[in-house]
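Chains as they are written, first to last, in the UniProt record's numbering: chain A, 1 to 329; chain B, 1 to 329; chain C, 1 to 329; chain D, 1 to 329.
Just so you know, these hints were derived from the structure itself, not from any lab.
Treat the hints with care, as some may be off.
[Stated by the list, open to error] Quick list of the computed label-pair ranges, beta carbon to beta carbon: (1) D:296 / C:280: 15 to 21 Å; (2) C:16 / A:304: 45 to 51 Å; (3) B:261 / A:89: 26 to 32 Å; (4) B:315 / A:48: 47 to 53 Å.
[As the list claims (entries may be wrong)] Pairs of lysine-lysine residues, derived as BS3-like cross-links and limited to a Cα-Cα distance of at most 27 Å, are as follows: (5) B:293 / D:32; (6) D:278 / C:293; (7) B:293 / C:293; (8) D:32 / C:32; (9) D:32 / A:264; (10) B:278 / C:264.
Small disclaimer: the values here were computed from a predicted structure and weren't measured.
Just so you know, even glycine gets a beta-carbon here, dropped at the ideal spot from N, CA and C.
Number of protein chains: 4
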Amino acid sequence: MAPAGAKRGILERLNAGEVVIGDGGFVFALEKRGYVKAGPWTPEAAAEHPEAVRQLHREFLRAGANVMQTFTFYASDDKLENKYFEHVEEAEWAVQVLKSTGKPVAANMCIGPDGDMHGVSAGECAIRLVKAGADIVGVNCHFDPLTCVQAVKLMKEAVEKAGLKAHYMVQPLAYHTPDCNRQGFIDLPEFPFALEPRILTRWDMQQYAREAYDAGIRYIGGCCGFEPYHIRALAEELAPERGFLPTASEKHGPWGTGLEMHTKPWVRARARREYWEKIRPASGRPLCPSMSKPDSWGVTKGHSDLMQQKEATSQDQLRPLFDKCSATQ
Amino acid sequence: MAPAGAKRGILERLNAGEVVIGDGGFVFALEKRGYVKAGPWTPEAAAEHPEAVRQLHREFLRAGANVMQTFTFYASDDKLENKYFEHVEEAEWAVQVLKSTGKPVAANMCIGPDGDMHGVSAGECAIRLVKAGADIVGVNCHFDPLTCVQAVKLMKEAVEKAGLKAHYMVQPLAYHTPDCNRQGFIDLPEFPFALEPRILTRWDMQQYAREAYDAGIRYIGGCCGFEPYHIRALAEELAPERGFLPTASEKHGPWGTGLEMHTKPWVRARARREYWEKIRPASGRPLCPSMSKPDSWGVTKGHSDLMQQKEATSQDQLRPLFDKCSATQ
Amino acid sequence: MAPAGAKRGILERLNAGEVVIGDGGFVFALEKRGYVKAGPWTPEAAAEHPEAVRQLHREFLRAGANVMQTFTFYASDDKLENKYFEHVEEAEWAVQVLKSTGKPVAANMCIGPDGDMHGVSAGECAIRLVKAGADIVGVNCHFDPLTCVQAVKLMKEAVEKAGLKAHYMVQPLAYHTPDCNRQGFIDLPEFPFALEPRILTRWDMQQYAREAYDAGIRYIGGCCGFEPYHIRALAEELAPERGFLPTASEKHGPWGTGLEMHTKPWVRARARREYWEKIRPASGRPLCPSMSKPDSWGVTKGHSDLMQQKEATSQDQLRPLFDKCSATQ
Amino acid sequence: MAPAGAKRGILERLNAGEVVIGDGGFVFALEKRGYVKAGPWTPEAAAEHPEAVRQLHREFLRAGANVMQTFTFYASDDKLENKYFEHVEEAEWAVQVLKSTGKPVAANMCIGPDGDMHGVSAGECAIRLVKAGADIVGVNCHFDPLTCVQAVKLMKEAVEKAGLKAHYMVQPLAYHTPDCNRQGFIDLPEFPFALEPRILTRWDMQQYAREAYDAGIRYIGGCCGFEPYHIRALAEELAPERGFLPTASEKHGPWGTGLEMHTKPWVRARARREYWEKIRPASGRPLCPSMSKPDSWGVTKGHSDLMQQKEATSQDQLRPLFDKCSATQ
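All chains should be built: construct the whole structure from the sequences, respecting the hints.
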């Protein structure tokens with residue numbers, strides 16, 4: 001959850017009917033560049049390697065993002081601008097406090113279409129957060145784009161049915177997750193170090209941007225896995241509606257048209273929308289399945305096994321986990 | 001093909017029995033960051049956005065690369081340090097010229113295990129290039145790591161059988177290509193804009209580094225698709241042999257050990273080598289196949305259809321290609 | 001829907017707590033043997049080739065089936081013992097009529113867990129049929145075993161919650177259908193001539209028999225796709241509960257133990273339950289996806305396009321269908 | 001290997017340029033019907049249940065087979081008409097003996113395109129068997145149709161290059177085996193009880209019949225996995241060349257045309273060749289891979305581990321095999 005005023009003018013834009021393109025996933029992108037540690041995912045890179053963080057900001061901006069989220073969560077006392085809550089009550093309370101500062105407030109949930117927050121449905125959550133003062137509601141992270149758009153649709157329907165009004169946002173993963181249960185991608189066996197085969201292509205992203213737009217969502221961005229070229233794809237798909245292309249499109253022929261000069265005629269034949277729009281890309285992994293069975297070991301929320309730990313688990317504590325893990329495979 | 005002396009000391013290191021870690025794929029990485037156009041793949045970013053290129057250099061260095069290839073091919077008259085030849089005769093001639101400068105010379109081929117250069121086998125090519133003066137021979141690009149290592153093995157066997165001596169290098173793709181024919185990944189229907197499901201994980205990379213090392217290859221790097229974290233994986237796998245970890249490992253627990261603090265016990269159970277070493281990652285794409293049928297339309301080398309064109313193909317020229325492409329699917 | 005008294009004693013057995021094993025799919029099995037035409041699926045083979053039908057009966061019996069359904073649907077005026085209804089009202093009425101004959105009545109539905117009959121849920125259907133006099137309720141056809149067992153579970157829960165009592169039966173497909181929408185396997189692009197990769201193994205069948213038994217279902221059989229060895233697998237899995245093996249088990253080592261004499265040690269190592277129970281069989285089809293997108297062209301029930309036709313569609317009528325089909329792929 | 005004279009006239013037909021359709025796989029088909037035990041695969045059913053065997057003969061005949069192989073191998077002393085040899089020398093000797101009886105002799109090999117018999121290539125084997133007197137040479141079992149056709153092509157090329165003349169036959173598996181190594185399907189982890197997802201469709205069979213015919217093969221049949229409808233598909237594909245359809249085609253609309261009366265328009269749209277010819281059937285198994293890694297434990301021919309055993313392996317002998325098997329997965 002973040003006060004959306006980090007950059008001025010979001011509400012003005014949304015109220016004017018404009019499309020706002022969000023940015024991508026900083027921690028995942030910087031992990032691959034060597035500046036963030038997977039597991040803790042802490043943002044000390046902002047202090048240790050500011051030029052690397054700045055470069056990524058520059059790339060998302062160039063790709064078409066209107067909004068730059070500060071790369072600071074968990075980082076300091078006075079800048080704690082992103083916060084995760086488990087209960088909708090806490091979220092309501094936080095929205096009320098932030099609202100009192102006079103800034104616009106955006107409230108995002110990690111939620112699937114049939115997911116919920118401790119028994120409260122997506123629609124109900126949205127209503128409560130809008131009543132609490134949220135200007136923008138939506139979902140981010142944990143699921144793939146089409147799943148997230150579906151969840152925001154349910155929120156929008158519920159909010160409108162309740163006679164309320166809000167703006168909607170969506171910031172999904174850049175990974176396909178058709179096999180996730182309600183906990184999302186964290187329970188997939190591939191999380192977080194073998195998600196590569198699930199990465200969305202730029203064409204998947206264009207489809208996502210279109211579906212989000214058609215669903216009435218106007219703040220369209222990304223979360224974990226989004227690289228600059230994914231954001232650019234959103235901006236390119238919505239260029240007709242926005243009236244302009246992002247800067248980075250100077251290095252990108254729309255729909256593969258940059259292939260027009262290729263020497264092989266069958267590669268030149270790929271220089272068109274119909275080709276890339278319909279492609280069903282192979283994984284090149286014939287010994288791998290197409291779906292996974294999420295873990296969860298039957299443990300439900302609130303279980304003591306799920307308490308946040310202060311220290312790394314010792315080898316002695318890990319051993320029984322390793323055994324259990326092998327047995328369930 | 002490049003004079004290997006761009007950075008001093010490669011031969012000294014190889015002669016001393018050290019492992020040299022190469023860098024990754026600049027054009028593909030910079031395309032995703034928004035600075036290179038797919039299709040022409042030209043390197044004007046070096047002049048237009050030097051900070052973006054420099055940042056990527058920094059990341060590969062931090063990830064463990066000993067060698068930084070200049071990002072300049074096709075860029076100027078006097079710096080033409082990479083060059084592609086179709087016939088082994090041309091390559092031989094080029095090696096002789098470069099050798100005459102007194103610098104060490106590395107000669108790489110894009111070749112599969114049963115591939116060849118216009119009818120000359122991998123082993124025969126290697127012998128001729130070594131005889132022409134190449135200090136290092138190997139393969140780069142077009143195929144996945146295990147395919148490339150296999151090809152270098154054949155080269156090494158042939159060179160040794162001929163009573164010659166050389167160093168060996170390998171710079172494969174970071175994409176799985178079990179379905180490629182001898183032209184490599186360019187003929188895959190996914191090239192170049194839907195290769196995501198084929199991207200190798202860091203664990204695939206560790207396996208590759210080990211197999212390359214065991215095959216006697218000592219210059220081990222990457223080509224298209226290699227991101228900094230892939231290079232880091234090579235350096236981590238070979239840390240015991242090299243005696244040190246790369247700088248970027250300060251942000252990486254070996255074999256997933258950074259997950260030791262995760263709240264969910266089934267995620268903590270992934271903090272170990274046996275888990276990631278054996279993982280068979282799902283693609284999350286149940287409507288996609290695992291392999292593709294490479295294009296090629298029955299056209300063989302030398303066909304007029306394959307001549308390099310100076311200008312982009314016009315829409316009128318493209319139309320029959322589009323039709324043909326649809327018909328063959 | 002069929003009066004269950006075709007063979008005497010079903011209710012006696014079920015009332016006594018016994019497990020009744022059903023037979024398999026006659027029309028699909030006889031189609032593969034060359035005696036039934038796919039499309040019309042009519043049973044004239046009973047008259048034209050009685051020895052072929054009799055042989056299949058013999059095989060199912062030998063495999064362990066307690067019940068032989070007459071192979072007569074659509075066959076004559078006075079023997080119309082199987083009938084399909086679209087509305088639960090019709091089914092209720094039919095159950096009442098059959099009940100008045102004094103015979104036991106079994107009422108099956110083609111229904112998925114979240115499917116329904118024109119808006120009436122599985123649970124509600126079951127309640128109404130039991131109230132109408134059905135002794136046995138359950139589902140058959142259209143979905144795979146685990147989906148069907150899930151649907152019967154919902155029926156049982158609803159019936160028991162309503163304070164009623166019934167026996168439960170299940171006769172699923174022998175094809176995996178995780179990708180079906182509520183219309184079942186008919187809308188899969190592979191129906192009916194390319195379903196082979198979906199055929200269940202004997203081990204899948206043992207898992208199904210166990211899950212059905214654990215769910216309290218006591219009439220456990222099969223529908224389209226079930227061959228004699230599938231029925232045998234049901235009877236073998238439930239041999240401990242039933243106290244005996246079927247005759248055909250004299251030609252079957254349980255859990256692959258017939259492999260104990262194989263010359264290759266790695267094949268001998270497959271002579272055990274843990275091997276076959278966990279196997280994840282490959283399709284050997286690397287160019288095929290794992291799931292399909294069911295057809296349906298957005299047409300809903302009651303649409304004039306879906307009226308039963310008396311005559312084969314002419315080539316002129318088929319042409320636009322062919323075009324539409326190609327366009328939607 | 002079998003004297004082809006079991007049915008008179010094969011050579012006459014082949015010499016006259018006719019196509020001969022073979023039969024299918026008796027032991028595998030009868031195993032699924034409950035009369036043969038997998039593992040030993042012995043043919044006592046011919047004595048114990050002659051009506052079941054006779055019924056299957058009838059079905060293959062009706063499906064278009066010109067030739068009925070006797071179901072007698074390993075069955076008696078004087079009728080030993082099928083025999084397997086490991087060395088080409090033995091096969092040569094057997095051909096010579098059979099030839100001396102004055103009957104036509106067909107010699108089949110279980111061999112892949114790059115397979116061989118103890119170091120003798122497919123082409124060389126064919127030459128030696130033709131020189132020894134074989135009238136018909138070819139391959140059967142162990143590999144899928146396209147692999148087998150490829151092997152026979154190599155044999156034909158070699159025989160013709162040697163200035164010899166023969167007829168060619170092929171009797172492949174009805175299972176896809178792109179992942180087999182030279183030992184064929186026995187080493188696949190799915191052998192023999194989980195091969196279902198690999199079963200060829202009738203359309204795969206039509207493609208096979210066409211490719212075999214185009215390769216100059218005129219005795220075209222099947223081995224393990226072939227059911228009557230598979231044989232019918234061969235006969236239907238080659239009906240234009242043979243001038244007639246098989247009897248069982250009275251129950252089969254060519255290329256799915258029996259679907260013309262279906263109520264759903266999207267199913268009617270499948271009543272045509274282009275639909276079924278191009279279909280890429282899904283497996284409905286999203287947790288399964290598309291290919292397997294064949295077993296073999298590094299054991300090569302002649303190893304004592306591979307000796308034929310007289311008695312079933314004891315539990316004590318099996319235990320270390322089970323452990324080894326688990327460790328290699």
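Taking each numbered hint in turn, which are not upheld by the structure, reported in ascending numerical order? 5 and 9
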